Structures are given as structure tokens and as C-alpha cells.
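Visitor: Next come the chains, spelled out residue by residue.
Protein chains: 2
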Amino acid sequence: MNLRTPGPTPLPEPVRQALARDMVNHRGPEFAALMRETVQILKELFRTQHDLLILTGSGTGGLEAAAVNMLSPGDKVLAVSIGYFGDRFARIAEAFGAQVRRLSFPWGQAADPEQVRAALAEDPDLGVVLVTHNDTSTGVTNDLEALTRVVKGAGRLLLVDAVSSIGSVPLETDAWGCDVVITGSQKSWMTPPGLALVSVSPAAWEAHRRARTPRFYWDFTAHAKQVERGSTPWTPAVSAIYGLNVAVKLMQAEGLEAIFARHRRVADYARGRLRELGLRLLADERHASNTVTAFFAPEGVDQKRVLRRLREERDVVLAGGQGHLEATLMRIGHMGYVDVPAVKAALDALADVLAQERAAAPAVR
Amino acid sequence: MNLRTPGPTPLPEPVRQALARDMVNHRGPEFAALMRETVQILKELFRTQHDLLILTGSGTGGLEAAAVNMLSPGDKVLAVSIGYFGDRFARIAEAFGAQVRRLSFPWGQAADPEQVRAALAEDPDLGVVLVTHNDTSTGVTNDLEALTRVVKGAGRLLLVDAVSSIGSVPLETDAWGCDVVITGSQKSWMTPPGLALVSVSPAAWEAHRRARTPRFYWDFTAHAKQVERGSTPWTPAVSAIYGLNVAVKLMQAEGLEAIFARHRRVADYARGRLRELGLRLLADERHASNTVTAFFAPEGVDQKRVLRRLREERDVVLAGGQGHLEATLMRIGHMGYVDVPAVKAALDALADVLAQERAAAPAVR
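Residue numbers (my numbering), protein chains in the order written: chain A, 60 to 424; chain B, 60 to 424.
Simulated from the structure, these hints should not be mistaken for lab results.
Since we're looking at a predicted model, the values are computed, not measured.
Any given hint could be a false lead.
Repeated chains share a single entry, so a pair holds when one copy, or any two copies, can fit it.
[Stated by the list, open to error] Capping the alpha-carbon separation at 20 Å, the derived lysine to any residue pairs in SDA-like fashion look like this:
{"id": "1", "residue 1": "K363", "residue 2": "A91"}
{"id": "2", "residue 1": "K135", "residue 2": "P273"}
{"id": "3", "residue 1": "K211", "residue 2": "D171"}
{"id": "4", "residue 1": "K363", "residue 2": "A92"}
{"id": "5", "residue 1": "K403", "residue 2": "Q158"}
{"id": "6", "residue 1": "K284", "residue 2": "Y143"}
{"id": "7", "residue 1": "K135", "residue 2": "S163"}
{"id": "8", "residue 1": "K102", "residue 2": "E204"}
Produce the entire structure from the sequences given, and follow the hints as far as they go.
Guide: Okay, here's the thing in C-alpha cells:
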């Protein structure tokens with residue numbers, strides 16, 4: 060199967076082999092060594108010297124963890140949203156009692172740092188800012204560096220949903236001053252879903268100590284205590300950590316710059332090819348994502364049918380849209396374990412199916 | 060390695076092979092069929108006709124999920140504790156603002172249903188009762204059927220931590236009237252950790268709709284909506300579900316009665332052999348667990364050293380104690396993928412090491 064959704068993403072063979080290992084004692088020395096090594100390499104890949112926690116849960120669990128560890132009920136929060144996942148982060152903060160001011164940009168656009176600056180200047184009580192680095196619903200990557208300058212320049216705490224960005228595109232956790240950065244194992248990390256990876260800055264630890272939202276399972280203090288022992292407070296997803304350990308070593312061997320270049324190359328190829336096919340891309344091209352590309356099904360062509368035919372006849376799996384674009388948008392993931400030939404094969408199949416569907420469709424003018 | 064901790068437990072070969080499968084789209088038809096089949100078999104094994112949710116998280120995440128879905132801040136809760144995990148369930152409820160009355164029994168003893176009855180009669184506002192079916196810290200299994208008669212007879216809601224019981228020892232979810240039953244994939248289920256499995260009764264759904272504790276990731280309504288579609292609200296631990304699907308089919312093929320008989324046989328063997336070795340068992344023998352046995356290191360023998368020698372010289376992994384018995388207790392798990400020869404091999408090794416340690420130790424009188 061040529062799986063080209065924006066997560067889960069395909070697994071390299073050595074990762075799959077690691078997943079098949081039998082269990083070990085998660086409180087024993089062998090697992091502790093594996094955890095310590097994995098955390099150390101993750102810190103390099105996150106570009107952070109600070110704490111890195113491995114939580115057992117989905118990416119959404121990681122977002123919830125950030126919210127409950129950093130916020131108190133009633134806290135005023137600015138949620139910068141450029142799509143479905145920006146909205147989700149805002150909903151999570153609201154679910155735990157934060158007063159969320161939404162600053163939403165049209166789907167396909169990146170956040171405008173100047174509007175963020177104005178919103179923060181207008182309300183000094185907006186102590187925390189939520190930003191999605193890359194929204195897979197639209198295939199847009201925010202200029203996170205510019206946003207961090209605005210947010211940290213205004214002295215606010217910055218929580219970054221980097222679920223589908225970090226590890227594939229540049230994110231300088233420490234140099235840019237990101238306080239909490241959250242990602243999921245099934246994205247850039249070439250590992251099955253089930254782990255949320257979270258970095259925590261010193262300022263985030265201060266906020267954590269003040270934060271009064273009730274928490275237990277996600278509590279950062281409980282996790283940080285165990286990191287030193289190469290452990291976790293609750294039984295972790297041992298197999299996923301076997302896989303992650305192998306995957307981060309593969310990433311370390313390739314090198315971050317080479318990984319970023321590969322993602323640029325694949326994304327350039329995907330966008331160029333989709334345009335050649337006459338398809339309209341959703342993302343503002345100045346902010347087009349290097350991990351996922353969203354494009355509209357051609358007028359008169361049934362998106363659901365195209366996705367089904369690709370899957371059933373060509374063994375190629377793309378994703379549909381989300382939210383209000385569920386039925387019209389199509390998305391191709393190109394993050395993690397990906398190269399140009401894999402994406403070319405998927406788009407060759409798409410080209411064939413679209414040609415057939417267009418030929419069969421009544422002419423639309 | 061002969062891994063004999065009370066979880067994670069060893070994986071059958073077909074489960075390990077399933078773990079090595081590449082990813083699929085978790086929103087696609089293939090995964091939906093796998094989820095529906097897994098949930099259906101789990102319902103049989105849980106002995107329930109009601110809802111069964113698969114959450115991505117540790118067993119402790121499942122306990123938190125039960126608490127936040129069933130309780131409101133200020134709710135009065137009776138926490139029946141017979142050990143470390145009973146205390147944990149109480150702490151979780153407290154963390155989310157419940158007023159917890161603890162009814163604790165000495166480690167090694169089961170809960171006395173009459174004391175539970177008296178506590179509930181004394182305070183009609185104790186609307187929810189937390190019970191650990193089997194506490195791995197002590198190797199004691201509560202008489203859950205008797206406790207359900209008391210709790211349901213008094214019209215209270217019953218949340219059962221069955222993390223290390225269900226699937227290995229009898230638990231009649233519907234017939235006994237358990238409202239929420241929680242377990243973890245790494246125990247009886249012969250699957251890696253990372254999934255919490257939770258049943259929800261109609262009375263639990265009513266309580267859920269009234270419950271005001273803030274929640275997002277664990278929200279039962281969000282999960283139940285997706286179960287019908289063979290999906291989950293957030294990206295699930297796909298590989299663990301591949302493994303669970305194979306494991307529950309193995310369990311279905313063996314049959315619940317045969318599984319229970321095997322666990323009785325292995326536990327009887329373990330207890331008999333440990334007594335032969337002159338070791339003192341912690342559990343009241345009327346309530347000794349069929350999934351884990353806790354015993355004291357002989358006087359004058361260094362428990363840590365025995366555990367290390369077993370691991371390093373014999374490739375046998377037992378567990379130490381928890382809480383106040385951390386340094387004196389030893390525990391052997393015999394749940395899930397286990398038979399008498401595996402436990403015999405572990406106890407043969409223990410016998411050898413203990414004989415050497417006793418010979419070397421200064422005589423203790």
C-alpha cells in the first residue's frame with residue numbers, strides 16, 4: 060500500500076522489526092537505557108537542551124497535556140488558528156475552563172504576525188498563546204519564527220502544536236523560545252501512533268507550577284521525575300518506544316538538514332505535479348507546507364469516488380478534507396518516511412483516475 | 060527472556076507478527092473492519108452487551124477516563140482500597156475534585172463487603188464506589204461479585220479497576236452490574252501497553268451526562284460516536300490494535316473458561332512451589348490472585364540482589380514490591396500468555412539463587 064495520508068505515515072523496515080520485539084520490564088535497566096537514549100536523541104532533533112517528555116497517548120493527548128499543565132481555569136488565552144487543528148487546540152483550552160480569544164485566519168492562509176501582535180497589545184491579560192505550526196487540514200505552515208518573536212517579545216507563554224511539523228521542517232525550540240512543543244509519533248517520527256512527545260522550557264515549568272487545572276495522567280511533574288530514571292510514571296507504550304528508538308537513530312544518521320531538504324524536494328515535486336494536473340492548491344504558496352499538500356477535487360469530479368478508486372484499484376491512500384472542506388478537498392501527506400518516487404507513484408495513479416473521471420464526467424463550464 | 064512481571068506480559072508470536080505490519084489509514088475501511096471485530100470480541104470477553112471503548116493510553120489513563128467521565132467536582136466517593144492501585148484510583152478521583160472517603164484494608168487482605176455496606180449505609184451521599192478487582196501490589200483478588208451485590212444493592216455507581224483481572228479471572232460485567240470496567244492491553248490481553256479498554260453501562264452513561272469534570276481527550280461521548288464507525292476520535296495506537304485484534308481472537312479460540320482454568324492451574328502451581336521453598340506469601344489464601352503472587356524475600360536475603368541475579372544470570376525477570384513493601388516483597392506475574400512450564404522455569408531459577416544466597420548469608424535467627 061502506498062499510504063499517503065498526513066499520518067499515520069509508513070514505517071521503515073527496521074522500525075517494523077523493532078515493533079515485533081517481545082516485551083521487557085518497563086522498570087528494568089534495559090528499558091531505562093533505551094528510554095534515556097531515545098530522549099537524548101529527541102532533544103537533539105527538537106533542538107532543545109530543556110526537558111523532553113514521552114507521554115503515552117495520541118497527539119491530541121499531547122495538546123491536552125499542554126493545556127492542563129500550563130493553564131488555570133479562567134486564564135485568558137489567545138488561540139491563533141489557521142484550520143481544523145488550530146480550532147481543536149482552542150476547544151481543548153476551553154474545555155478546561157480557559158477564556159479563549161480566537162484569532163482565526165481563512166483556511167489556506169498563514170497567521171499574520173502583525174495581527175497577533177495587535178491582539179496581544181490590546182489585551183495584556185492574554186498570558187498564553189496557542190499556535191499550530193503546520194495545519195494538516197489546509198497544508199499551511201505558519202512562519203513560527205516570526206510568531207515567536209511577537210509572542211515572546213510580548214512576554215507571553217507560547218504553546219506550539221508541532222504535531223505535523225517538527226522533525227520534517229525547521230523548528231528551533233530553544234533558539235526561538237517555544238515554551239511547550241507537542242508532536243505525535245506517527246508524523247515525522249516514522250513510528251506508529253500512540254506517543255506524544257513534548258518539550259518543556261524553564262518558563263513553561265514556572266507556568267506549570269502556578270497552573271491549577273486538575274490533572275493526573277498528563278502531569279508533567281510526575282513525568283519529569285521519572286525521565287531522570289529512564290522511566291515513566293505509568294506503564295508506557297513499550298513497543299512504540301522500541302520503534303521510536305530505531306526511528307530517531309535513523310533520523311540522527313540522516314541529519315536534520317538532509318531531512319528538511321528531502322521534505323522540501325518532495326513537497327516541491329508534489330505541488331509542481333498537482334499544478335501540472337490543473338488542480339487548485341488550497342495553501343497560499345508562500346506558506347505551503349512541506350509535509351502535506353491540500354488541493355481541490357476538480358469541478359464535476361466526485362472526490363469520494365476518486366479516493367475510493369485510488370484505494371481499491373491502485374492501492375494508493377490519500378485523505379479527504381476536514382471540517383467544512385471535508386467533501387471537496389483532497390490531501391496528500393509527504394512527511395516522515397517519504398521520497399519523490401513514492402509521491403510520484405501516488406500522483407501518477409491520481410493522474411490516471413482523474414483523467415478517467417474527467418472523461419466520464421458531464422462537461423462543466 | 061522469561062518475563063514474569065505483572066505486566067507488561069509476554070506476547071504470543073502471532074501478536075508480535077501483527078505488530079510489525081505497516082500502517083494503514085485509521086479512517087479507512089480496512090481499519091474500521093478491524094476495530095469493529097476487535098470491539099465485538101472484547102464485548103464477549105468482557106461479558107457485556109453494552110458499550111466498549113478503546114482508548115489510547117495506559118491503564119492509569121483508563122482510570123482517569125473513568126473518573127473524569129463519571130464524577131463532578133465535590134462528588135462524594137467511596138474508594139475501597141486493598142493496596143497500591145486502590146490508593147492510586149482514590150488519588151485520581153481526588154485530583155479531579157471528588158471528596159473521597161477511603162476504606163482501606165491491610166495489604167494482603169481482601170475488602171470486606173460488610174464494611175463496604177456499612178460505609179454506604181452511613182453516608183447516602185457516597186454516590187460512587189471505586190473498587191480494585193485485583194491489586195497487583197499485593198496479589199489479592201477481591202470478591203467482586205459480593206461487592207457488586209452490596210454496591211448495586213445500595214443503588215450506587217460502581218467503577219471497577221479490572222486492569223489485572225478481567226480476561227484472566229471471571230468478571231461478569233453485565234450480570235454483576237459493573238458500571239465501568241477498566242483494563243489495560245498489557246495484562247490479560249497479551250498485547251503491548253498503550254491501550255485502555257473500558258466498558259460503560261447504561262447507568263454509567265446517565266452518570267456521564269450529569270458529570271461536570273472538564274474533559275476532552277478521554278470524553279466517552281466523543282469515543283462512543285466513533286465506535287459506530289469503527290473509528291476513534293483521535294488517531295489511535297494502530298499497531299497495538301493490530302496486536303489486540305490477533306490476541307482477542309486467540310482468547311476467543313481458547314475460550315474464557317479454559318483461560319480461567321489455565322490461570323487457576325498456573326497460580327496453584329506458583330503458590331505451592333513458593334510455599335515449598337519456605338517463602339511467606341502476602342495474600343490471604345482465600346483471596347489469593349490467579350494473575351500475580353506476592354511473597355516476602357527470606358530474612359537476611361537481599362531482595363534487590365536476588366532480582367538482579369535472576370535477571371543477569373538466569374534471564375528471569377520478577378518484580379519487586381511497591382509502596383511500603385518496595386524493598387521486602389517480590390512478585391511473580393502469571394497472567395495472559397502463560398503456562399506452568401514458564402512459571403516453573405522462573406521458580407527453578409529462583410530456587411537456585413535463593414539457595415546460594417541463603418548459604419552465603421549470615422545465619423539469622
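Visitor: All hints are to be evaluated individually against the structure, with a verdict given for each.
Guide: Hint by hint, here is what the structure shows:
Taking identical chains as interchangeable, the C-alpha atoms of K363 and A91 lie at most 20 Å apart only when they sit on different chains, with a minimum of 17 Å there against 46 Å within one chain. Taking identical chains as interchangeable, the C-alpha atoms of K135 and P273 lie at most 20 Å apart whether they share a chain (17 Å) or sit on different chains (17 Å). In the homo-oligomer, the alpha carbons of K211 and D171 lie at most 20 Å apart inside one protomer (16 Å), although the nearest pairing across protomers, at 57 Å, exceeds that limit. Within a single copy, K363 and A92 get their C-alpha atoms only as close as 47 Å, which misses the 20 Å cut-off; across copies the closest is 19 Å, which meets it.
Taking the shortest Cα distances, K403 and Q158 never come within 20 Å of each other, neither inside one copy (45 Å) nor across copies (60 Å). For the homomeric pair K284 and Y143, the shortest alpha-carbon distance between copies (19 Å) is at most 20 Å, but the shortest distance inside one copy (34 Å) is not. In this assembly of identical chains, K135 and S163 lie within 20 Å of each other by CA distance solely inside one copy; the values are 16 Å within and 41 Å between copies. In this homomeric assembly, K102 and E204 come within 20 Å of each other (Cα to Cα) only inside a single copy, at 19 Å, whereas the closest approach across copies is 49 Å.
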